[in-house]
Each structure stands twice: as structure tokens, then as C-alpha cells.
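Build the full structure now, drawing on both the sequences and the hints.
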Amino acid sequence: MNKLRVLTNLQNQKVVAVIRTDTVDQAVQVADACIAGGMKAIELTYSIPHVEEAVEKLKNKYAADQEVTVGVGTVLDPYTARQAIFAGASFIVGPSFDTETAKLCNLYQVPYMPGCLTVTEIKEAMEAGADVVKVFPGSNVNPGFLKAVHAPIPQANMMPTGGVSLENMVEWLQSGAVAVGIGGNLVAPAKTGNYEKITELAKQYVEKAKEASV
558 MNKLRVLTNL QNQKVVAVIR TDTVDQAVQV ADACIAGGMK AIELTYSIPH VEEAVEKLKN
618 KYAADQEVTV GVGTVLDPYT ARQAIFAGAS FIVGPSFDTE TAKLCNLYQV PYMPGCLTVT
678 EIKEAMEAGA DVVKVFPGSN VNPGFLKAVH APIPQANMMP TGGVSLENMV EWLQSGAVAV
738 GIGGNLVAPA KTGNYEKITE LAKQYVEKAK EASV
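Using our numbering, the first residue of the sequence shown is number 558, and each one after it goes up by one.
Don't read these hints as lab results, they were simulated from the structure. Hints may be right or wrong, so weigh each one.
Claimed, not checked - In silico lysine-lysine, DSS-like type, Cα no more than 25 Å apart, as pairs:
| no. | residue 1 | residue 2 |
| --- | --- | --- |
| 1 | 754 | 614 |
| 2 | 660 | 760 |
| 3 | 767 | 704 |
| 4 | 614 | 767 |
Right under this line is the structure:
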């Protein structure tokens, strides 16, 4: 089952690279750099023009590597989700929760990770079938928020995104995050074409994830 494989990869890897770039080629290069550093869960955002092309290129390039998981983010509606799924996206991420998008993803058995920031939103997303809830923006709360939510809803799988860094990543994971989303700091070196730096940073994030599991 593809959905089970995707969720297992996410749980095992614990780190998702959130990639926002200006072009498809740049997105692919950033993803290549992340994967080279061991960060194999990739979220390409819909702010990338023609992002579906980047999804297709990466899916074809890494078809033999079952650990490479390519999803699409910044999805606001079911039409956009369907486009991404038909392009080959293995998971769908949104900055907010949308019931119709949840239904569409459930129909195609693709994990949906909507952005939520209150207990009510988290509950509604889970009721609609969201396997993982994206706590967004993570910078608005702290790792203690996860512990507080887990008190009444221990079964909630939460992935903070925004405000997660090398300095606080271990605390997020040890506070109950099933995974974390890493964006700005990781992708920033692409602006100067320094993809080697992205690979180096990816390795550091992967090591931090292992540290949190000890």
C-alpha cells in the first residue's frame, strides 16, 4: 500500500524538506541536494511555477529508491490536490484545513497534512481523515504545545513547520512531533547556487533527527 509506505517513510525519517524556489530546475536541484544529504522526504510548494513538472522529474529520477517521498504543499483546494496527485505527488500538504481536499485525498488514498493551530482545528482535521496534522505556523507556538495537545488527544500525529531549526528540532521531536518541516534556512543557499551547502545542512538535520531518537 503506497499510503502506508509514505507514512512509514515520514515516521522513520522525521524530517521533511519544504522547498520554495522560483523555477522547476532550481527546485529539482535543491531536492537533489537534500536527498544527497539523506533528507529524502521532499515537499514542493505550489508557489513554484509548474510545480507538477518538478514532481514528475523527481519521481522518475528516484523511482528505484523507495525512501524518496515527494509531496506537494501550499494546497488550498481539491482541484489543486487532484492536479498534484495526478502528477505523482505522494502526499498533500496545506497551510490550512479544507474538508473537500481531505475527501479528495482519502478517495485517492494519498496522505493529507493540513495546517492547524488550535485543538478544534486538529480535531476536525483528524475527523476528516488527516493522518498527520501540520502545526503551522510552528513559530507561533512552542514544543510544549504538542505535549498539551497530546494530553487530551494522544493519538494526534503532529508535524510542526515554520520556526523549526537545528537548534530546537530535537526539542520538537522529543515533545511528540511525528516529524518536522524544514524550509527557509535549508533552502536559502540556493539563491547563490550553493547546493553543496544545502547537502551539508541536510546531513546535519538528519543527524539531529537520529539524536532525538536516542
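Quick rundown of the hints versus the structure:
Of the supplied pair hints, the one linking residue 754 and residue 614 holds, its CA atoms being roughly 22 Å apart against a limit of 25 Å. For the proposed pair residue 660 and residue 760, the alpha carbon gap of about 36 Å is over 25 Å, so the pair is violated. For the hint linking residue 767 to residue 704, the alpha-carbon distance of about 20 Å falls within 25 Å, and the restraint holds. For the hint pairing residue 614 with residue 767, the CA-to-CA distance comes to about 29 Å; that exceeds 25 Å, so the pair is violated.
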